[in-house]
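Below are the chains, spelled out letter by letter.
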Amino acid sequence: GAVVSQHPSWVICKSGTSVKIECRSLDFQATTMFWYRQFPKQSLMLMATSNEGSKATYEQGVEKDKFLINHASLTLSTLTVTSAHPEDSSFYICSARDYRGVTEAFFGQGTRLTVV
Amino acid sequence: QQQVKQSPQSLIVQKGGISIINCAYENTAFDYFPWYQQFPGKGPALLIAIRPDVSEKKEGRFTISFNKSAKQFSLHIMDSQPGDSATYFCAASSQGTDKLIFGTGTRLQVFP
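As you go down the protein sequences, you meet chains H and W in turn. At position 15 of the first sequence the residue is numbered 15 (the working numbering), and the sequence of numbers has no breaks. Every position in the second sequence, counted from 1, becomes a number in the working numbering once 116 is added.
Not one of these hints is a red herring.
In silico PhoX-like pairs for lysine-lysine, Cα to Cα no more than 20 Å straight-line:
id : chain 1 : residue 1 : chain 2 : residue 2
1  : H       : K20       : H       : K64
2  : W       : K158      : H       : K20
3  : W       : K215      : H       : K55
Simulated restraints, written as ranges between beta carbons of each label pair:
id : chain 1 : residue 1 : chain 2 : residue 2 : range
4  : H       : G61       : W       : N138      : 27 to 33 Å
5  : W       : R177      : H       : D27       : 23 to 29 Å
6  : W       : Q197      : H       : D27       : 25 to 31 Å
7  : W       : G199      : H       : P8        : 26 to 32 Å
8  : W       : T220      : H       : Q109      : 20 to 26 Å
It should be emphasised that the hints constitute simulated quantities derived from the structure, not laboratory data. These numbers come from a predicted model, not from an experiment. Note that the Cβ used here is the ideal one computed from N, Cα and C, for glycine as well.
Pulled out of the complex, with its shape left as it was, chain H reads as follows (with noise of 0.2 Å):
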C-alpha cells in the first residue's frame, strides 16, 4: 500500500508554546488529508479535512485557531497547535487519500503530543 509518513513520531514541549506535526504522503499524491485525534484506549476522533490549495474544514467543537491546518502540496499538510496546554496532549495521526479516487485512507504512524 502506499506510504504516509509523519513527524514527528512523539514530541513534548512546554505549555503555551507552538508545535507543527507534517503528514506526508510519499509515494502518491493526495488532493485531501485528514487529521485525527486518538486519547488514550479510545476511537479516532476527526478533528479536520484538510483540501489542498484550500481552507480546511473543521468538525464540529475543534477550534479553528488552535489547530491551524495548512495543505500547501499535493504531498503535505502540517497540523500545528497553537498555544499549547496540558490538556492538548494526545496521540495526533492524519490519513490521505489518493488524488485519483481510491477509496482506501493511507495513515500515517501517528504523533504522540505531550505539553508540560
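For this one, chain H is given, so just place chain W on it according to the hints.
Okay, now just chain W, sitting in the frame of chain H:
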C-alpha cells in the same frame, strides 16, 4: 445517525480460535466499510474492506460479513494468533464526504 457502534469492547481468544467483532450503523448513505488494525503507539492499518453490493469478503484469515438489511457488519479472524493481539476498529464512509466514521474499537488479546 453518524455513529458506528462496535462490540465487544474487549475480547480474549485462545490461539487457533475464531475472533468475531461486530459493528452496526444507522446511516444508509454509508457505502464503504473498512476494518483497521492498530498496534500501541502506531497508526491504524487497513485490514480488509467491503462495499454493500456483496455480503461477504475474505482475505486470508480475515473475513467481513455484511448484512445490509440489518445494517450490520462483522469481522471474523480465523485461526487467531498471538500476533493478532491489537485494537481493531470498524469504520464507515459515504461517497462524496470521504470522511471515515470510526467505531469505538475492540481490544483483542490472543493467548497461546
